[in-house]
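Given only the sequences and the hints, what does the whole structure look like? Please build it.
Residue numbering for the sequence shown follows the numbering used here, starting at 1 and increasing by one per position.
It is possible that some hints are incorrect.
[To be verified] Computed Cβ-Cβ distance ranges for the label pairs, DEER-style:
#1 54 x 154: 29 to 35 Å
#2 193 x 122: 41 to 47 Å
#3 261 x 116: 44 to 50 Å
#4 54 x 177: 27 to 33 Å
#5 93 x 117: 46 to 52 Å
#6 75 x 185: 29 to 35 Å
#7 117 x 250: 31 to 37 Å
#8 57 x 205: 41 to 47 Å
#9 30 x 122: 19 to 25 Å
[Unchecked claim] Quick list of in silico lysine-lysine cross-link-like pairs, DSSO-like style, CA-CA up to 27 Å:
#10 154 x 169
#11 168 x 145
#12 13 x 147
#13 168 x 154
Note that these hints are calculated values from the structure, not bench results. Note that this is a predicted model, so its numbers are computed, not measured. We treat Cβ as the ideally placed atom computed from N, Cα and C, and that holds for glycine.
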Amino acid sequence: MFECRIDGQFFKKLFETLKDICTEVNLECDGNGIKMQSMDCSHVSLVDLNIASEFFQHYRCDKSCALGISINFMLKILSVIKEKSTVFLFKEDNENDEVLNIGIIDEEEQSSTEDSLEIQVKLINTQKEHLEIPQSEYYCQCTMKAKKFQDFVKYLNSIGDNVSIAMKKDTMILSTTGSDIKVTKQFTNDMPDISITCTKYVAQEFATRYLVMFARASSLADEVLISLSPNIPVSIKFTFKQQLTQIQEENSYLTFFLAPKIGEY
1 MFECRIDGQF FKKLFETLKD ICTEVNLECD GNGIKMQSMD CSHVSLVDLN IASEFFQHYR
61 CDKSCALGIS INFMLKILSV IKEKSTVFLF KEDNENDEVL NIGIIDEEEQ SSTEDSLEIQ
121 VKLINTQKEH LEIPQSEYYC QCTMKAKKFQ DFVKYLNSIG DNVSIAMKKD TMILSTTGSD
181 IKVTKQFTND MPDISITCTK YVAQEFATRY LVMFARASSL ADEVLISLSP NIPVSIKFTF
241 KQQLTQIQEE NSYLTFFLAP KIGEY
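Structure below.
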């Protein structure tokens, strides 16, 4: 048997973050929690999701299972989520049972049947292979407020299609060029809520639109960790905050990997 309870707003925002990157996902469930890896259709970016069992309000998984889900379909289901809703997921161990049971409960109106929904969803076969993400050594890392990162990459996207990310010593530089305009912003260790470590100068260029999509995860986390090394994808990691305790859960995160610009994508 697989069953879990999770904050409804968090669950909805998670799928809203993924909707323009993936169309279908395969949630791999075991005793440790839920994992998911997926690439976008252009094979330029990779998504790595991990939600540890401790992050859930309740979690049980007696036997490993995979939940193939259409993101757009799930968002239709979750459109009724209210501010204090809870989502309950349940699936029997029967391999022939291709149905995921979803309950949506309004915590403020538990006694009202009209505010409690029971939904059955037929799971899909995504035919996605498990992706092994190689461990990489990053020369440069920057931790900053996720909302600040989101606001600035949105601004950069309004100026140019590509953004340069460079790091040296205690400084990260983001810049883009548009029609008759160039924008450059430096983030340094002496700025509030900025922490940068860098052992080697690194500069790479990335498609701004992908960074904007990744930055939607700022609704799920307080901080973002940007990791950079030459000739490998940039890592942009959002570590989730436990909804009840407001404590950051290190084993629950959403990480995006984006290949540097070489040609057009």
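Hint check results:
Between residue 54 and residue 154 the CB atoms are about 33 Å apart, so this pair conforms to the stated range of 29 to 35 Å. At roughly 45 Å, the beta-carbon separation of residue 193 and residue 122 lies within the given 41 to 47 Å, and the hint holds. The hint said 44 to 50 Å for the Cβ distance between residue 261 and residue 116, and at roughly 49 Å that hint holds. Separated by about 45 Å at the C-beta atoms, residue 54 and residue 177 break the suggested range of 27 to 33 Å.
The hinted window of 46 to 52 Å between residue 93 and residue 117 is violated, with their beta carbons roughly 24 Å apart. Against the hinted window of 29 to 35 Å, the Cβ-Cβ separation of residue 75 and residue 185 comes to about 33 Å, which satisfies the hint. In this structure the hint that residue 117 and residue 250 lie 31 to 37 Å apart at CB holds, the actual value being about 33 Å. A hinted range of 41 to 47 Å holds for the C-beta pair residue 57 and residue 205, which are about 42 Å apart.
Separated by about 22 Å at the C-beta atoms, residue 30 and residue 122 satisfy the suggested range of 19 to 25 Å. Between the alpha carbons of residue 154 and residue 169 the distance comes to roughly 26 Å, so the proposed pair stays at or under 27 Å and holds. Only pairs whose Cα atoms come within 27 Å are accepted, and residue 168 paired with residue 145 is accepted, the gap being roughly 19 Å. Annotation: proposed proximity of residue 13 to residue 147 holds, straight-line Cα distance about 15 Å (limit 27 Å).
The hinted pair formed by residue 168 and residue 154 meets the criterion: a straight-line CA distance of about 23 Å does not exceed 27 Å.
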